[in-house]
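There are 2 protein chains.
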Amino acid sequence: MKPESRKQEIINAASILFKEKGYSAVTMRDLAKAMGIKAASLYNHIQSKQEILATIIIELAEEFTTGMNRIVNSEKSTIQKLENIIDLHIDVTLRNADGLASLNNDWMHLEEENLQYFEKMRQDYEENFRNIVQKGVDKSEIRSYNIEIMVFSTLSTLRTLYLWYPKQNDIDAAILKHDMMSVLLKGVV
Amino acid sequence: MKPESRKQEIINAASILFKEKGYSAVTMRDLAKAMGIKAASLYNHIQSKQEILATIIIELAEEFTTGMNRIVNSEKSTIQKLENIIDLHIDVTLRNADGLASLNNDWMHLEEENLQYFEKMRQDYEENFRNIVQKGVDKSEIRSYNIEIMVFSTLSTLRTLYLWYPKQNDIDAAILKHDMMSVLLKGVV
Numbered sequence: 001m002k003p004e005s006r007k008q009e010i011i012n013a014a015s016i017l018f019k020e021k022g023y024s025a026v027t028m029r030d031l032a033k034a035m036g037i038k039a040a041s042l043y044n045h046i047q048s049k050q051e052i053l054a055t056i057i058i059e060l061a062e063e064f065t066t067g068m069n070r071i072v073n074s075e076k077s078t079i080q081k082l083e084n085i086i087d088l089h090i091d092v093t094l095r096n097a098d099g100l101a102s103l104n105n106d107w108m109h110l111e112e113e114n115l116q117y118f119e120k121m122r123q124d125y126e127e128n129f130r131n132i133v134q135k136g137v138d139k140s141e142i143r144s145y146n147i148e149i150m151v152f153s154t155l156s157t158l159r160t161l162y163l164w165y166p167k168q169n170d171i172d173a174a175i176l177k178h179d180m181m182s183v184l185l186k187g188v189v
Numbered sequence: 001m002k003p004e005s006r007k008q009e010i011i012n013a014a015s016i017l018f019k020e021k022g023y024s025a026v027t028m029r030d031l032a033k034a035m036g037i038k039a040a041s042l043y044n045h046i047q048s049k050q051e052i053l054a055t056i057i058i059e060l061a062e063e064f065t066t067g068m069n070r071i072v073n074s075e076k077s078t079i080q081k082l083e084n085i086i087d088l089h090i091d092v093t094l095r096n097a098d099g100l101a102s103l104n105n106d107w108m109h110l111e112e113e114n115l116q117y118f119e120k121m122r123q124d125y126e127e128n129f130r131n132i133v134q135k136g137v138d139k140s141e142i143r144s145y146n147i148e149i150m151v152f153s154t155l156s157t158l159r160t161l162y163l164w165y166p167k168q169n170d171i172d173a174a175i176l177k178h179d180m181m182s183v184l185l186k187g188v189v
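Protein sequences, first through last, are from chains A and B.
Positions 1 to 189 (my numbering) are the ones given, in order, by the first sequence.
Positions 1 to 189 (my numbering) are the ones given, in order, by the second sequence.
All clues given are correct.
Where chains are identical, the list cannot tell them apart; a pair therefore holds if satisfied intra-copy or between any two copies.
Taking lysine-lysine pairs in the DSBU-like style, the calculated list, with each CA pair at most 30 angstroms apart, reads:
#  : residue 1 : residue 2
1  : K7        : K33
2  : K76       : K186
3  : K167      : K21
4  : K139      : K167
5  : K186      : K167
6  : K139      : K177
7  : K135      : K167
8  : K49       : K21
9  : K186      : K135
10 : K7        : K120
11 : K7        : K38
12 : K120      : K21
13 : K186      : K139
14 : K135      : K177
15 : K120      : K49
It is worth saying that the hints were derived from the structure and are not from the lab.
When you get a sec, could you build the whole thing from the sequences and use the hints?
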């Protein structure tokens, strides 16, 4: 197996363990055991548990950052931008729900530099979201309510999708996207 | 101080500690220290840390259960019922955001009987919510999307309100209620 894919395999196994037990409770020994290899051989591929956590979370945060930057800088309408944001969250959730559990539950265990970088990305993400909503209100493309309430109502749903969707057996991805966009943007009434 | 209010004082102090450190990490000694009293004197009012957790969570869950039963059994329209549910969550959040943190983060630490009782209440609550939405769709009072997606989109926001609202300094309760109902029910578009 190539070093790169072995590393990815470690990341994936760690994501599942972190999700189940939380970052703090998982040891490198647990990880080796779950993968059926010796703890020592993990260190041929990664330096520490912290490196694994940082890899999981920073890659995801960069993916959201890149996606959001593309959306913010596009020439689309506010509604299309909001649809693209919902699309981004659903795509990432479908691809890596386990990693999102680490991002949501264990980001505070990132160490100094990575923690700052993560917090900066999260803050910028929310700020970009807020600006899209604010501009939409200013241009009367969306209704005028409190900006923070609109951002929170949407983000709180998108950010907990990783917990809920894996438990749904009979909602396919196309229905999820279509109905979630409709419900979040147009409401239920 | 009356025994009843002393007990309430212990519950309140414990809610804050559980929120900050998580149930498992808090000791009765920590609690006594936070209250500036001796650990032994806590036991004049409560039997154990488990009793405190159960009191916090079961009381909140019963409050949601009672509120939901009243709403389900009323003769109101689906939209009014949904408005009442949003109202219920906002009221409980305004009154006891610290307790809701325990309910959300530490319910799994409840012991046998209380755990079952809690899980039953939560399940019934979701089932009642689902039935209200389903009936609303059947009677064409609300739009027809996947029921689970509609329930999740609303509940995920209401259930994380306790985390977000205490950090908002300039949104008063009346604006919160009005704008959140509008956004959740009528959307932003």
